[in-house]
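Enquirer: So the chains spell out like this:
Protein chains: 2
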Amino acid sequence: MFSPSTYRSRREHLKQEVGSGLVLLMGNKQVGMNFPHNWYTFRQDSTFLYYTGLNQPGMTLLIDLDEGTETLYGTDPTIDDIVWTGPVPSLDELAASAGIGQAREASALDTTLKNTPLERVHLLPTYRDEHRISLLKWFGLNPGEISKHHSDSLIRTIVEQRLVKTDEEAKQMDEAAAISADMHLEAMRVVRPGMYEYELMSRVHATALEQNGDIAYPIILTVNGQILHNHYYGNRIGDEDVVLVDAGAQTSMGYAGDLTRTFPAGTAFTPRQRDLYNIVLHSFESAVFRTKPGVLFRDLHYLACEKLVEGLKELKLMQGDPAEAVRAGAHTLFFQAGLGHMMGLDVHDMENLGEDVVGYPGDLQRDTRFGFKSLRLARKLEPGHVVTVEPGLYFIPTLIGLWKEEKKLKEFICYDELEKWTDAGGYRVEDDFIVTGQGYRLLGKPVPKTVEEIETVRREHL
Amino acid sequence: MFSPSTYRSRREHLKQEVGSGLVLLMGNKQVGMNFPHNWYTFRQDSTFLYYTGLNQPGMTLLIDLDEGTETLYGTDPTIDDIVWTGPVPSLDELAASAGIGQAREASALDTTLKNTPLERVHLLPTYRDEHRISLLKWFGLNPGEISKHHSDSLIRTIVEQRLVKTDEEAKQMDEAAAISADMHLEAMRVVRPGMYEYELMSRVHATALEQNGDIAYPIILTVNGQILHNHYYGNRIGDEDVVLVDAGAQTSMGYAGDLTRTFPAGTAFTPRQRDLYNIVLHSFESAVFRTKPGVLFRDLHYLACEKLVEGLKELKLMQGDPAEAVRAGAHTLFFQAGLGHMMGLDVHDMENLGEDVVGYPGDLQRDTRFGFKSLRLARKLEPGHVVTVEPGLYFIPTLIGLWKEEKKLKEFICYDELEKWTDAGGYRVEDDFIVTGQGYRLLGKPVPKTVEEIETVRREHL
Numbered sequence: 001m002f003s004p005s006t007y008r009s010r011r012e013h014l015k016q017e018v019g020s021g022l023v024l025l026m027g028n029k030q031v032g033m034n035f036p037h038n039w040y041t042f043r044q045d046s047t048f049l050y051y052t053g054l055n056q057p058g059m060t061l062l063i064d065l066d067e068g069t070e071t072l073y074g075t076d077p078t079i080d081d082i083v084w085t086g087p088v089p090s091l092d093e094l095a096a097s098a099g100i101g102q103a104r105e106a107s108a109l110d111t112t113l114k115n116t117p118l119e120r121v122h123l124l125p126t127y128r129d130e131h132r133i134s135l136l137k138w139f140g141l142n143p144g145e146i147s148k149h150h151s152d153s154l155i156r157t158i159v160e161q162r163l164v165k166t167d168e169e170a171k172q173m174d175e176a177a178a179i180s181a182d183m184h185l186e187a188m189r190v191v192r193p194g195m196y197e198y199e200l201m202s203r204v205h206a207t208a209l210e211q212n213g214d215i216a217y218p219i220i221l222t223v224n225g226q227i228l229h230n231h232y233y234g235n236r237i238g239d240e241d242v243v244l245v246d247a248g249a250q251t252s253m254g255y256a257g258d259l260t261r262t263f264p265a266g267t268a269f270t271p272r273q274r275d276l277y278n279i280v281l282h283s284f285e286s287a288v289f290r291t292k293p294g295v296l297f298r299d300l301h302y303l304a305c306e307k308l309v310e311g312l313k314e315l316k317l318m319q320g321d322p323a324e325a326v327r328a329g330a331h332t333l334f335f336q337a338g339l340g341h342m343m344g345l346d347v348h349d350m351e352n353l354g355e356d357v358v359g360y361p362g363d364l365q366r367d368t369r370f371g372f373k374s375l376r377l378a379r380k381l382e383p384g385h386v387v388t389v390e391p392g393l394y395f396i397p398t399l400i401g402l403w404k405e406e407k408k409l410k411e412f413i414c415y416d417e418l419e420k421w422t423d424a425g426g427y428r429v430e431d432d433f434i435v436t437g438q439g440y441r442l443l444g445k446p447v448p449k450t451v452e453e454i455e456t457v458r459r460e461h462l
Numbered sequence: 001m002f003s004p005s006t007y008r009s010r011r012e013h014l015k016q017e018v019g020s021g022l023v024l025l026m027g028n029k030q031v032g033m034n035f036p037h038n039w040y041t042f043r044q045d046s047t048f049l050y051y052t053g054l055n056q057p058g059m060t061l062l063i064d065l066d067e068g069t070e071t072l073y074g075t076d077p078t079i080d081d082i083v084w085t086g087p088v089p090s091l092d093e094l095a096a097s098a099g100i101g102q103a104r105e106a107s108a109l110d111t112t113l114k115n116t117p118l119e120r121v122h123l124l125p126t127y128r129d130e131h132r133i134s135l136l137k138w139f140g141l142n143p144g145e146i147s148k149h150h151s152d153s154l155i156r157t158i159v160e161q162r163l164v165k166t167d168e169e170a171k172q173m174d175e176a177a178a179i180s181a182d183m184h185l186e187a188m189r190v191v192r193p194g195m196y197e198y199e200l201m202s203r204v205h206a207t208a209l210e211q212n213g214d215i216a217y218p219i220i221l222t223v224n225g226q227i228l229h230n231h232y233y234g235n236r237i238g239d240e241d242v243v244l245v246d247a248g249a250q251t252s253m254g255y256a257g258d259l260t261r262t263f264p265a266g267t268a269f270t271p272r273q274r275d276l277y278n279i280v281l282h283s284f285e286s287a288v289f290r291t292k293p294g295v296l297f298r299d300l301h302y303l304a305c306e307k308l309v310e311g312l313k314e315l316k317l318m319q320g321d322p323a324e325a326v327r328a329g330a331h332t333l334f335f336q337a338g339l340g341h342m343m344g345l346d347v348h349d350m351e352n353l354g355e356d357v358v359g360y361p362g363d364l365q366r367d368t369r370f371g372f373k374s375l376r377l378a379r380k381l382e383p384g385h386v387v388t389v390e391p392g393l394y395f396i397p398t399l400i401g402l403w404k405e406e407k408k409l410k411e412f413i414c415y416d417e418l419e420k421w422t423d424a425g426g427y428r429v430e431d432d433f434i435v436t437g438q439g440y441r442l443l444g445k446p447v448p449k450t451v452e453e454i455e456t457v458r459r460e461h462l
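Protein sequence lines, in the order shown, are assigned to chains A and B.
Just so you know, the numbering used here puts 286 at position 286 of the first sequence, and the rest follows in order with no gaps.
Just so you know, the numbering used here puts 422 at position 422 of the second sequence, and the rest follows in order with no gaps.
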């Protein structure tokens, strides 16, 4: 973890901004997979981690803004615990490492909160049912009623603070991206036609673990890149397949990386694969090169979409004016997703606090049309923001069938030609960038990205 | 999954045994790690899996014993789902694959249950907060009150049914144990002094994934084998360390393996390590050779403990009559755990339904003394039971210090000699067995276990 002063100064900022009342930050608990003590790998709540650095389960931080006190609630190890788990730090030691003034047994929190009017408490949105049950116990608050009690001031303060990464955080993001880069290098080197997807996936996952990291999100590794949320790994990889890998590591401190590469299982892309890949790559580079403070990420999204349309026009899959096509949403037949998102302790940073608070502040309005609505981030970029850039082309037979039936946007889509391309699959390229004073910097280290670079890796390792 | 008739006949048995009322079997949902859609790897509830074979999240099976109907509740994929996740089976198709007569949207379940008196419903113990929240929604049942409404008849029926593995289940258990064996072979081959524990752990984990399995429980891999629940992997492995690995795979159908090996990081055990290892191995073999139908597993535990005492006497760490020492609990200074447990779809099979229902049926009473209380399984063995056998020796400095201070059981413990052994670490050997008509059968395949076998592997691979 960082030094106690880092966490103390983060909390000082929070206190000044929120002003009065009680700030309740609930750490995560262990979750049983199939019985109470068979736990998933523990993942701390990122906001709790940001303000305390403490990566142990079952703790709560209560900040009384009016009294000016901070109290860490948790459970001290018993002698039984020490027999079974070895020596572990005491609650006082944990509090001290986070610069927190006092620590108390969790049972004392029950008493305190049961005597506190809910109106005094700043609550965050819940995403774990364990927290919903705690709120029921403390305040008699029904799960369905929690959202009425979210604290907008607390949410906004946290989002604005966590969005801008300090130098020590940027180093963590570099580490996460570098491990993520190794995961992709490993996949690109060891893939062989005839392998099952799960075999290749095991190497990608192990690469994160062997550097004392873990996966930041479920790995996507598939010969069907057009299936966007694909966590099935049962296909056999064919000679002429491309493999799409979307995988990222989290560091032991919890910071995330998020990269995507699409590469051939053999030594070379087929001509069609190369054409599609290069369209995506050109779109990616166009957006990256325009990344700098003051730019609306939404505009980068539009730019990337236009570049996709330009490329698809050359393949005779689209026609008409690219900007008009994008305004009409014609590109969403091939690119249904957003260009990217914020990153930090969460791979979609602070998504649990509200996508729009993070991505659409102030007057920015989310476009609710198909495709557009999937853009998580529209916000004006500032130095210290960390974003992904990840355009793609996805040929989804069901979607193509639906559009074709109603001849949707036929002024832009060449349905006759498209018939030959419905099995063209999916392509995506994704890197992580931090916005600097003048522009941007790639996090981690470069992973082969051009057709030539990728084919060189494949030839050298097959 | 197995054939629909397998699940249908399992449910028929359940219905006959339980008789009347409504049986509510809640499948598991996805759990967000750090925001709602960043999910842990999905793990289905094992009871739901046993009676349906369905491995998809968010489903519930309701069996009306009085009407004789079975209804699967879930959510049909929308066109949006199909765009993002590819083609998935419909709810009707899922029900058919499990031999379930009808399927309905989950919202219909809310209506049904809100109009059902709780007394009619057979409830199982909950271990996920998601289920506690469902029970609150359906019946207004407070989380703290759920245990009063557990259905003893349903619990007992399920336990007795799931305890006895059919031939098709035994094949799954063999597969799980075989993948687990490969995990241990990999660790035993690739360990090198100077490695970090997490580097070796990554290879063990990957071995499960690359065979389309996953880990059945968090891997224990440590140079501090005396720390029984150790999920820290940050130590560097030294030249003269032994590494204790307790790891098992689950198959894609959810059946678990659970093996432990302890082996040197170099090419050979030191003389002291060999002595301790051989004591554990002899204890292991003594218990295994006596495994057969009709034997109380508790008696195997006592036998294994006596063998440990006999070995420790030879090292002058204990004295007196071994049987008396075990009755007095003197062995628990070195072996604080139980000899083994039931296995199946859960690595501790059905632990969520109640350890005592599984391990201490009828008149068997759990001994609540330190050490003894950790024996999960006392039950008389029957053909089809699957058990682990896993004796160990654990030198826990804190515990030794406490006992020494009060000279506890000094008639059996040689505290003066013990002073030289407090840093002796931890040793365990564990395999999985199915009880047969006459005796037992090792599940999976043998993993090197004698000192000679292990040292041969180390020499060949270092």
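Derived from the structure by calculation, the hints contain no laboratory data.
Check each hint, because a few of them may be wrong.
Heads up, the list lumps identical chains together, so a pair's fine if it works in one copy or across two of them.
As the list claims (entries may be wrong) - Below, computed lysine-lysine pairings styled on DSSO-like, alpha-carbon distance capped at 27 angstroms:
| no. | residue 1 | residue 2 |
| --- | --- | --- |
| 1 | K29 | K373 |
| 2 | K313 | K449 |
| 3 | K316 | K292 |
| 4 | K137 | K292 |
| 5 | K29 | K137 |
| 6 | K29 | K292 |
| 7 | K407 | K420 |
| 8 | K148 | K137 |
| 9 | K313 | K373 |
| 10 | K316 | K404 |
| 11 | K148 | K29 |
Note that the structure is a prediction, hence the values are computed from the model and not measured.
Enquirer: Compare the structure with each hint and give your call.
Expert: Verification of the hints:
1. Taking the shortest alpha-carbon separations for K29 and K373, only the inter-copy value of 25 angstroms comes in at or below 27 angstroms, while the best intra-copy value is 33 angstroms.
2. Taking the shortest alpha-carbon separations for K313 and K449, only the intra-copy value of 23 angstroms comes in at or below 27 angstroms, while the best inter-copy value is 65 angstroms.
3. In this assembly of identical chains, K316 and K292 lie within 27 angstroms of each other by CA distance neither inside one copy nor across copies; the values are 33 angstroms within and 73 angstroms between.
4. Taking CA atoms no more than 27 angstroms apart as the test, K137 paired with K292 passes in neither setting, with 47 angstroms inside one copy and 48 angstroms between copies.
5. Taking CA atoms no more than 27 angstroms apart as the test, K29 paired with K137 passes in both settings, with 16 angstroms inside one copy and 22 angstroms between copies.
6. For the identical chains of this complex, K29 and K292 are neighbours neither inside a copy (39 angstroms) nor across copies (41 angstroms), given an alpha-carbon limit of 27 angstroms.
7. Taking the shortest Cα distances, K407 and K420 sit within 27 angstroms of each other inside one copy (17 angstroms), while across copies they are farther apart (84 angstroms).
8. In this assembly of identical chains, the alpha carbons of K148 and K137 lie at most 27 angstroms apart whether taken from the same copy (17 angstroms) or from different copies (18 angstroms).
9. In the homo-oligomer, the alpha carbons of K313 and K373 lie at most 27 angstroms apart inside one protomer (24 angstroms), although the nearest pairing across protomers, at 72 angstroms, exceeds that limit.
10. For the identical chains of this complex, K316 and K404 are intra-copy neighbours only, at 16 angstroms inside a copy versus 84 angstroms across copies, given an alpha-carbon limit of 27 angstroms.
11. Taking the shortest Cα distances, K148 and K29 sit within 27 angstroms of each other both inside one copy (24 angstroms) and across copies (24 angstroms).
Of the numbered hints stated above, those contradicted by the structure are hints 3, 4 and 6, listed in ascending order.
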